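Order-wise, the sequence lines are chains A and B.
Under this note's numbering, the letters of the first sequence match residues 1 to 404, in that order.
Under this note's numbering, the letters of the second sequence match residues 1 to 274, in that order.
These are computed hints drawn from the structure, not numbers from a lab.
Predicted model only: the values in this text are computed from it and were never measured.
Honestly, I wouldn't trust all of these hints.
[Unchecked claim] Using 30 Å as the maximum straight-line C-alpha spacing, the simulated DSS-like pairs for lysine-lysine come out as follows:
1) A:K4 x B:K160
2) B:K132 x A:K297
3) A:K65 x A:K366
4) A:K101 x B:K156
5) B:K8 x B:K132
6) B:K132 x A:K4
7) A:K10 x B:K160
8) A:K10 x B:K136
9) B:K239 x B:K88
10) A:K4 x B:K156
11) A:K339 x A:K215
Listed below are the residues making up each chain.
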Amino acid sequence: MLSKPDEHGKFGIFGGKFAPEVLMTTVEELEAAYITYTNDKGFRTELDSLLRTYAGRPTALYFAKNLSKMSGAKIYLKREDLVHGGAHKLNNTLGQCLLAKHMGKRRIIAETGAGQHGVATAMAAAVLGLECEVYMGTEDIERQKLNVFRMKLLGAKVNPVDSGSKTLKDAINESIRDWVTNVENTYYLIGSVVGMHPYPLMVREFQRVIGKETKVQILDAEGRLPDTIIACVGGGSNAMGIFYEFLSDDAVELIGVEAAGKGLETGEHGASICAGTEGVLHGMYSKLLQDEDGQIKQSYSFAPGLDYPGVGPELAHLAESGRVKMGSTTDEETLNAFKILSTKEGIIPALESAHAIHYAIEEAKKKAGEQKDHLIVVNLSGRGDKDIYTVAQVLGDRREAGYV
Amino acid sequence: MTLEEKFKELKERNEKAFIGFITAGHPSAEDTSEIALAMIKGGVDILELGLPFSDPIADGVTIQQASESSLRAGMNTDTYFDVAAGIKGVEKVCLTYYNLVLQRGLEQFVHDCESAGITGLIIPDLPVEESKPLLKACARHETDLVFIIAPTTTDKRMAKILELASGFVYVVSLLGVTGERARLSDAVRPLIGRIKELELARDRPQIPLAVGFGISTPEHVRAVCEVADGAIVGSAFIKMIEERSGPELEDRKAMLTEIEAFTKSLKRETKNTR
Numbered sequence: 001m002l003s004k005p006d007e008h009g010k011f012g013i014f015g016g017k018f019a020p021e022v023l024m025t026t027v028e029e030l031e032a033a034y035i036t037y038t039n040d041k042g043f044r045t046e047l048d049s050l051l052r053t054y055a056g057r058p059t060a061l062y063f064a065k066n067l068s069k070m071s072g073a074k075i076y077l078k079r080e081d082l083v084h085g086g087a088h089k090l091n092n093t094l095g096q097c098l099l100a101k102h103m104g105k106r107r108i109i110a111e112t113g114a115g116q117h118g119v120a121t122a123m124a125a126a127v128l129g130l131e132c133e134v135y136m137g138t139e140d141i142e143r144q145k146l147n148v149f150r151m152k153l154l155g156a157k158v159n160p161v162d163s164g165s166k167t168l169k170d171a172i173n174e175s176i177r178d179w180v181t182n183v184e185n186t187y188y189l190i191g192s193v194v195g196m197h198p199y200p201l202m203v204r205e206f207q208r209v210i211g212k213e214t215k216v217q218i219l220d221a222e223g224r225l226p227d228t229i230i231a232c233v234g235g236g237s238n239a240m241g242i243f244y245e246f247l248s249d250d251a252v253e254l255i256g257v258e259a260a261g262k263g264l265e266t267g268e269h270g271a272s273i274c275a276g277t278e279g280v281l282h283g284m285y286s287k288l289l290q291d292e293d294g295q296i297k298q299s300y301s302f303a304p305g306l307d308y309p310g311v312g313p314e315l316a317h318l319a320e321s322g323r324v325k326m327g328s329t330t331d332e333e334t335l336n337a338f339k340i341l342s343t344k345e346g347i348i349p350a351l352e353s354a355h356a357i358h359y360a361i362e363e364a365k366k367k368a369g370e371q372k373d374h375l376i377v378v379n380l381s382g383r384g385d386k387d388i389y390t391v392a393q394v395l396g397d398r399r400e401a402g403y404v
Numbered sequence: 001m002t003l004e005e006k007f008k009e010l011k012e013r014n015e016k017a018f019i020g021f022i023t024a025g026h027p028s029a030e031d032t033s034e035i036a037l038a039m040i041k042g043g044v045d046i047l048e049l050g051l052p053f054s055d056p057i058a059d060g061v062t063i064q065q066a067s068e069s070s071l072r073a074g075m076n077t078d079t080y081f082d083v084a085a086g087i088k089g090v091e092k093v094c095l096t097y098y099n100l101v102l103q104r105g106l107e108q109f110v111h112d113c114e115s116a117g118i119t120g121l122i123i124p125d126l127p128v129e130e131s132k133p134l135l136k137a138c139a140r141h142e143t144d145l146v147f148i149i150a151p152t153t154t155d156k157r158m159a160k161i162l163e164l165a166s167g168f169v170y171v172v173s174l175l176g177v178t179g180e181r182a183r184l185s186d187a188v189r190p191l192i193g194r195i196k197e198l199e200l201a202r203d204r205p206q207i208p209l210a211v212g213f214g215i216s217t218p219e220h221v222r223a224v225c226e227v228a229d230g231a232i233v234g235s236a237f238i239k240m241i242e243e244r245s246g247p248e249l250e251d252r253k254a255m256l257t258e259i260e261a262f263t264k265s266l267k268r269e270t271k272n273t274r
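All chains should be modelled from the sequences, with the hints used to inform the complete structure.
Structure follows, in structure tokens:
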């Protein structure tokens, strides 16, 4: 079962182009340019070369022996944390920056939550000689100081956003406003499989390399496809990236893990598919966190990359059709997995990816009784350096309260 | 009266339409009724009443902050229709974002507009491509769905928009979001020219064109009315309300007097234009 948007950019009922009229012509041009260049041999060669020699692809598929032993299944980690910059985000920003350059747009704007997409955009813009401005909520600037500094070092301008919830969704609003104003010379580089068509399609295609490599690597290592693939879901780019290549392999179970934050029942979470309803935000019809009237609610997760009240339309569609199973993991459970991976495997994962690690451990334990050598691949989408302050703070608060 | 009838009536008096925008519930629902009354006294022809959305991507900082403050003060869709129903003696148009329409249900939303005496809807994040379901609901309730044309709109898109447009067309004067600008955008004249040329090629009465975004002074209004059928002023009102709505009764009275006078000064410029 391959998932492709129709001519209106819809995956089933999800997706579409709910954009202000000012942007519609540009969005149409972008769609045309995307099709032209990604079918162009020169473009593909240039991108492949950048992915190989600059981003460090292919990334390893690592057999996590200790994690496997303690949980009872064979767990492999797709090491996107080893991509230059520390996360899968660069796969997409290199692709889109190259596209922008070919389209003759010299100015790149981007939104960022965790700062990972901002850093990846700043890197790609720097290497391709483009001007870069990144919008970031003031709340996120506060929790991700390291990435703010990295972006500045990479030559990007960081524009603080003080409106609304001061997080990712507001950074997207502000980016769209900038785009509307400077549409003629500016390329808006969206960091996830969200927004109006063609972004969800385009970002998935640029991230698809994760799944392509994984398929070859797991066949090489195990001689068979995995039973389960698990990835965390904020907007859904690392999940779509690893899932897509396996969509038509019906025996492979695909699981997306959303942020349950303080618990789904508290309302403080980022689980748009597990606990959201359908609506329109940022140009797409998808699953959202919203009130009865349709006002967008503030999402919550201590992993800023998952702190978004919406999700990519293709993933919403795949979840509704049942092809992708969805689960969620709380901050507390995630923190535990974060510690386990650090101490058992010597890998400090991004808090986002640690959601998937937790789910994988639980899934492994469940399957251990049913099947020998259950084979799980987890997309380890990023490394955790950026999160050490958050973790130190959570642990520090507990120490003061006597928990640690 | 339908919106097109309103434009026609004005034309017979040799006037263009003055359209004023305010955000419902800013600073409070009660204030909105009084502010609307002041604008009506000042001669506003069409009142564009904004139903605030949490994530207004087409609006600049002025309207965005007004939306946030209105929502914080408790504005919601039910209250909005109550407030709108209470405003009488002027043509009313609702401006909001698509998600709020969708969540109430398209049919219900348009029905509630009709009951509240709202004759048109402007949805900045609903391009023609996605508009079919709402157009159907609007047709059932004789409500106009007002489409937007921007300087970046190609002739091909423009033709599609003009085919479906009713009431009037909201011509966005510039590339950007709502908000005051020092001078009128140079894009207005050529854009209006392009639309009229396309309209001439079609075999039907011309649809009224109203220009908005960045229009804040009597000079802007006159310049716009020389080429179009109406001028839309929003952020300038919001700013005035924001600056003058103090806690004292005296402040509020002064604010309302000022709103009325400002409306008069803008409406004056729509008369006897070339």
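Hints versus structure:
Taking the CA atoms of A:K4 and B:K160, the gap is near 26 Å; set against the 30 Å cutoff, the hint holds. For a cut-off of 30 Å, the pair hint linking B:K132 to A:K297 stands: about 27 Å separates their Cα positions. Annotation: proposed proximity of A:K65 to A:K366 holds, straight-line Cα distance about 18 Å (limit 30 Å). A C-alpha spacing of about 27 Å is found between A:K101 and B:K156, which places the hinted pair at or below 30 Å, so the restraint holds.
The suggested pairing of B:K8 with B:K132 holds, with an alpha-carbon distance near 27 Å, which does not exceed 30 Å. Restraint check: the Cα-Cα separation between B:K132 and A:K4 comes to about 23 Å, which is no more than 30 Å; the hinted pair holds. A distance of roughly 21 Å separates the Cα atoms of A:K10 and B:K160; the hinted pair therefore holds under the 30 Å criterion. Using a Cα cut-off of 30 Å, the hinted pair A:K10 and B:K136 holds, with the two alpha carbons roughly 20 Å apart.
Proposed proximity of B:K239 and B:K88 is supported: the alpha carbons are some 24 Å apart, at most 30 Å. For a cut-off of 30 Å, the pair hint linking A:K4 to B:K156 stands: about 26 Å separates their Cα positions. With a CA separation close to 28 Å, the supplied pair A:K339 and A:K215 stays within the 30 Å bound.
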